[in-house]
Amino acid sequence: MSEGFSRRSFLKLAATAGAAALPGCEPAARKLIPYVVPDENVIPGVPQFYATSCTECGAGCGTVARIREGRVIKLEGNPANPIGQGTICARGHAALQGVYNPDRLRNPMQRTSSGALKTIPWEEANKLLNDALKAASAKGKNRVAFLGQAHQGPTLRKITEAWLAAYQSNRGIFYEAITDTPARDAAEMCFGRRDLPVYHLDKAEVLISFGADFNETWRSPVELGRQYGEFRAPKTRQGKLSVGYSYYVSPRFNVTAARCDEWVSVPPGAEAAIALSVLHVVLSQGWVSPNAQINVADLKNFVSSYDPASVSQRTGVPVKMIEAMGERFGKADGAVALAAGDDPATHAAAYVLNAVTGNLGRTMEFLEGAPPEPESSSNDMVSSLESMRNGAVDVLFVAETNPVFSMPAKWQAAEAIKKVPLVVWAGGVPDETAAHAHLLLPLHHQLEDWRDTFPRAGVHGLGQPVMQPVFFSRPLGDLLIASARESGVKGAAPWENTQDAVRSGWEKLNPKAAKTDAKGFWVSSLREGGYFEPATAAQVTLNVSALKTSPATREIPKLALAAYPHPFLYDGRGADKPWLQEIPEPVTQLVWDTWAEIHPETARKHGISKDEIIEIRSSEGAIRAPAFLSERVHKGIVSVPIGQGHSEFGRYAKGRGANPWEVLKAGRLCVAVTIHPTRERRELVSALYEGKELGRPIVEAMTATQLADGVQPKEWQEPEAPEPYEMYPAWNYPKHHWGMTIDANACTGCSACVAACYAENNVPFVGREGVNNGRIMSWIRLERFFPQKEYEHQPLMFLTPMLCQQCNHAPCEPVCPVFASYHTAEGLNGQAYNRCIGTRFCENNCPYKVRRFNFWKPEWPEPLNYQLNPDVTVRGAGVMEKCTFCVQRIRYAEITALVEKRPVHDGEIIPACAQTCPTNAISFGDMNDKRSKMMLRRVAKENKGRTYKSLKSLNTLPAITYLRELYNEREKA
Amino acid sequence: MAAAEPVSGPTYADIDRSVRRIMEPPGRAYWVWVAFCFTLVAIAVGCWVNQIYSGLGVTGLKNPTMWAIYITNFVFWIEMAHSGTLISALLYLFRTRWRTAVYRAAEAMTGFAVATAAIFPLIHLGRPWNFYWLLPYPNERSLQPDFRSPLVWDTFAVSTYLTISILFLIMGLIPDVANARDAAKGWRKTFYSLASLGWSGTDEQWQHWSMAYLLMAGLATPLIISVMSVVSWDFAMNQVPGWHETIFGPYFAAGAIFSGAAMVLTLLIVLRKTMNLDDLLTEWHFDNLAKLLLLSSLALTYCYICEIFMTWYTKDPFDTVSMHMRFFGPQAWMWWFCVAINCILPLGLFWRRFRRSIPVLFVLSILVNVSMWYERLMLITGSLSTSFNPAQWGFYHPSFTEIMITIGSFAWFFGLFSLFARYMPVISMTELKEGIRWLREALRDNYYPGLK
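From first to last, the protein sequence lines are chains A and B. Everything in the first sequence is counted per numbering that gives the first Met the number 0, starting at 0 for the first residue and increasing by one. Everything in the second sequence is counted per numbering that gives the first Met the number 0, starting at 0 for the first residue and increasing by one.
Source of the hints: derived by calculation from the structure; they are not laboratory data. Among the hints, a few may not be true.
Once the Cα atoms are required to be at most 30 Å apart in a straight line, the calculated BS3-like pairs of lysine-lysine come out as [stated by the list, open to error]:
1) 713(A) / 734(A)
2) 432(B) / 691(A)
3) 314(B) / 948(A)
4) 507(A) / 634(A)
5) 788(A) / 314(B)
6) 432(B) / 314(B)
7) 951(A) / 319(A)
8) 188(B) / 432(B)
9) 290(B) / 188(B)
10) 140(A) / 418(A)
11) 239(A) / 202(A)
12) 138(A) / 157(A)
13) 734(A) / 234(A)
14) 951(A) / 314(B)
15) 314(B) / 713(A)
Keep in mind it's a predicted model, so treat the numbers as computed, not measured.
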């Protein structure tokens with residue numbers, strides 16, 4: 000999207016601002032109240048919108064919650080928030096299943112001496128806690144410890160620290176399993192500052208990612224995904240229509256790699272060597288920006304031992320490849336190198352690469368006033384655990400984090416926690432840490448609670464409660480404030496409650512506004528979901544002298560475990576949400592399990608067959624997972640997603656897969672391992688059958704050169720067919736004819752559309768067995784194919800959202816004997832659920848296979864059913880269902896327009912999938928309106944020759960027009 | 000068979016005696032068999048009730064194989080019926096001689112097969128309690144079925160066929176039931192009196208009856224073609240590769256006659272053995288049925304070849320892959336099994352020795368029935384498994400419920416037929432008497448060369 004404020008964004012904002020009533024301002028009632036006495040601000044059937052902030056990860060996207068009759072039913076991006084800009088990711092959507100999770104702790108509970116849990120009233124729980132705290136602080140300093148998540152937000156951090164101070168302790172541990180510490184260490188070395196830079200991928204034309212999964216979980220995936228979409232969009236660069244050239248350097252092929260031009264497969268831990276070698280090429284070829292003002296001679300010394308030839312020898316990456324990367328990067332008008340992983344050398348090399356080519360301040364910049372480092376240092380954590388082990392801690396308060404699950408095995412967190420006389424656990428779904436707690440306190444979910452976020456300079460997100468709490472939970476902040484007051488220390492927590500604390504901090508953000516109209520500033524911040532101001536770039540220079548000594552890159556182990564955060568389950572915190580379990584990981588397409596991805600050759604060497612459970616042993620421990628054979632991993636690794644392997648954490652997570660944290664070393668995601676076949680097997684479950692397209696025009700692609708030259712790709716050309724004979728007269732769409740334009744090139748595989756569809760359309764989840772039986776219900780899926788051998792030049796992976804094509808000649812319609820499947824006057828392939836008798840004829844005849852049949856009565860264990868969208872029928876057993884372009888949204892807009900006596904505006908209707916797409920790959924509009932944004936996209940100059948219809952030869956005349964994927968021709972390595 | 004070699008052929012009285020003997024009160028073994036059949040039916044009904052209650056999740060159906068065993072059973076039984084109609088109606092019109100002894104059994108088979116088949120579309124529905132929405136009935140919402148849908152054509156075709164074949168069966172039975180009435184006692188007498196609709200055997204009645212029978216035969220014969228075509232359109236009207244073929248009408252008709260002839264053979268061989276009907280059902284009859292089997296096998300083989308040829312000739316990429324998967328995919332054994340049983344084994348019937356060997360025919364007829372069932376399963380699920388979008392392929396495996404319901408349908412069919420065989424004249428006395436000369440000739444040619 001352009002810099003300007005689009006109509007779409009405006010409408011969203013208008014809707015947001017329209018909401019005045021703020022639920023949750025009052026002291027929270029402790030349960031959902033049935034809708035007997037209606038609030039005068041609530042009109043049944045009319046949704047309300049509240050802006051709030053997403054805290055599922057630390058990226059800090061803003062959300063807008065849609066409330067119907069007092070319940071939040073859908074989350075969407077907040078267009079005012081500069082990070083998400085109106086979009087959120089799959090994990091953001093699944094926050095709904097966090098608030099309505101049936102396994103959430105409902106009442107405070109105490110562990111009796113027998114180990115069983117007993118429900119106790121809040122008063123008793125508070126008393127228990129506060130008495131223990133008072134006794135502990137009376138015994139001396141630092142007898143109380145707090146263990147919480149790092150991305151708490153500034154206010155909660157302030158409250159936590161005040162609470163700790165009240166009980167004379169400085170043992171605040173703010174823990175995050177996956178940290179940016181190596182990046183900060185590298186930044187300190189290179190630039191003398193520990194903050195994280197922000198990136199502008201859209202300003203680059205060459206990108207090299209050294210293991211940074213910017214399309215999945217790295218840093219700020221929504222924002223980076225959007226930027227990457229811009230980067231890959233065809234634009235005129237250096238006088239020629241082209242798309243950005245991107246490399247992904249990693250032993251593992253993931254969806255980030257899949258959306259790049261080249262996947263440079265390297266041995267585990269060799270990313271740093273490659274990065275330094277690329278730097279070597281850039282320096283030796285003299286592609287150093289004159290503006291960079293860098294002492295090249297010193298730098299050359301820094302990378303002297305990383306000439307391409309010797310690095311190639313060590314890593315097996317061809318010299319030509321390294322040189323090409325260097326050349327592209329050095330010559331580019333805007334380039335960006337990203338780094339991830341546990342090796343600071345990789346980060347340093349990427350920083351230096353950006354700096355020497357003059358991209359510091361352009362594609363990568365540091366901002367003034369960056370938030371402080373949120374995590375405690377690992378030394379602090381280890382020493383705190385040590386003091387617990389020694390009995391120096393009397394009360395441990397664990398909140399919203401799960402150290403027992405995700406701390407490295409060596410730290411023996413569980414052993415340490417067991418030594419503490421009173422462990423208080425506070426959170427949502429009781430997890431592995433809760434199993435060791437003596438007192439369990441249910442906390443408000445982020446959607447029930449006041450929060451603020453400070454993800455980066457200039458972005459202050461505000462989180463307000465959007466509904467009354469579902470259970471008898473309390474906000475963490477309120478709990479700590481009340482507890483701090485109990486300490487008897489004067490002025491311990493000078494706030495009434497969390498809201499007060501947030502608000503008092505808020506006024507300091509913009510003192511000028513706060514002075515003139517404090518209330519107005521507060522209310523406008525609430526409406527917009529935060530306070531956003533431009534941040535000034537920091538003047539930084541590369542400190543070459545600090546780099547003088549050559550960095551030591553790591554030894555390459557013979558076989559390594561490359562663990563990575565699962566795109567949806569992340570470090571394990573998403574595993575309790577069935578949507579996140581059921582949405583297939585885009586590359587492997589596997590669900591509901593942990594898999595060990597391994598190269599077939601390595602597997603053969605170890606005598607491992609498909610689906611055989613293998614034991615992966617490191618110096619720290621061992622885990623077991625079924626083997627998934629794939630040529631898309633380096634031969635020297637076994638690649639395992641993090642996220643599963645919970646022994647607690649609710650019905651959806653418990654007893655599923657394996658937990659790689661058990662074999663990893665502190666601060667590392669890569670460890671030397673040995674693998675052993677066990678002769679046991681467990682079938683890995685996937686919703687997908689064949690990964691090859693068989694030359695069928697389902698997802699198409701073309702090269703950037705073909706686009707620029709206006710040449711059609713050969714492999715998709717179809718023989719000229721005569722105009723087919725039509726038996727029936729063509730449909731007539733007098734008013735609207737809804738259609739979509741989907742840019743297959745912009746799809747990053749983030750799967751936010753899938754999650755949004757689950758939320759909007761009451762699509763049931765079916766669980767592992769259901770998926771295995773071929774009964775996954777999602778109406779939209781990411782269709783992924785790998786190129787066949789004969790088309791090796793094609794993109795690394797084809798990927799596009801596949802949903803009902805709303806054909807004009809829909810094969811599903813005439814075969815339905817009862818008109819349940821019918822053609823609407825606006826071109827949709829309607830489905831009358833009440834009329835359906837379940838012959839399933841329509842799905843047989845659908846070439847895209849996008850219809851879904853309810854084999855069972857769908858179930859949402861209470862209170863997951865509270866999330867159901869009242870605008871959409873819940874389908875029963877025996878009924879076929881399908882995508883209808885969110886017909887409920889279409890009707891809502893049409894009726895509104897009718898009432899207001901005006902036509903429906905372009906952009907007024909946005910289906911859930913299109914709404915949430917970070918790269919705007921999906922656009923919706925009226926095909927009768929040739930000037931609609933959606934139609935203009937089909938005829939845009941830069942998209943000339945890109946349009947295609949999926950399986951066109953069947954003459955189904957889909958209403959969805961795809962834009963071909965674009966890729967750069969790879970050099971023959 | 001009589002103990003001493005008869006000097007003259009069977010008389011009218013001999014025929015009456017033989018057929019009436021079948022209708023004597025059955026023994027214990029019979030009742031055990033019937034009870035066994037209906038126990039299986041009860042289990043199947045239980046499975047169906049459970050399926051209605053819990054949803055089609057209890058089946059092995061999945062995306063993309065949304066149709067499988069239930070539709071297979073539907074097609075299997077409806078096709079079986081066709082062969083019965085062919086023997087009873089078409090061969091009647093052609094005045095085929097060997098038909099007289101076998102046609103009643105074939106006609107009964109038709110009736111029960113259609114009755115079995117007609118249940119399956121209901122079993123297969125996701126919401127079977129709304130089945131009547133398939134019928135055009137007046138309602139205040141003016142909702143009618145979509146006449147473009149082959150399933151609606153199917154509804155009409157099958158219900159027409161069920162009506163005609165039941166009427167035809169009942170019509171043909173009248174003189175024979177009256178015959179049975181004359182010899183029966185007790186409740187049977189009442190029952191047969193009612194069932195014979197006042198038949199007294201006057202010339203006028205015979206005249207009307209013969210004309211009516213002729214007309215019914217004339218009405219029933221085109222149904223063989225039309226119903227079979229309509230059933231095949233359930234598939235051919237789709238665009239699924241492997242289904243969307245113009246050959247499907249004749250293809251299904253050939254298959255229908257083939258599997259139906261095999262089923263008639265199975266039933267008659269059992270009947271002959273258990274009821275000692277060697278005098279009425281001679282090797283001559285079986286020889287002719289075997290010829291029909293051979294002919295239809297050749298026709299079916301031709302259809303197979305045509306289908307393969309057309310795929311090769313059109314070079315349709317989707318069809319080619321689908322065909323390839325049929326031959327070499329994970330469920331290719333079904334195809335090769337069908338080729339072996341349907342195309343290769345029946346070639347043995349070119350030898351008169353095999354045509355006249357009752358054990359050979361019995362084994363072959365059972366094998367043919369099994370493989371024809373698999374052929375339908377292969378056509379239905381195999382094509383769905385490998386359609387346009389390779390990402391959405393998937394192979395079908397049946398569930399316990401589906402298997403039990405399938406077994407139940409066979410039990411239902413055999414149970415009904417067993418009841419019919421002992422309580423109704425399963426061999427037409429009327430027509431045997433009409434063609435007594437041909438029967439005598441057959442006996443002379445096959446058993447008693449001295450016969451006059």
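_Hints breached by this structure_ = 1, 2, 4, 6, 7, 9 and 13
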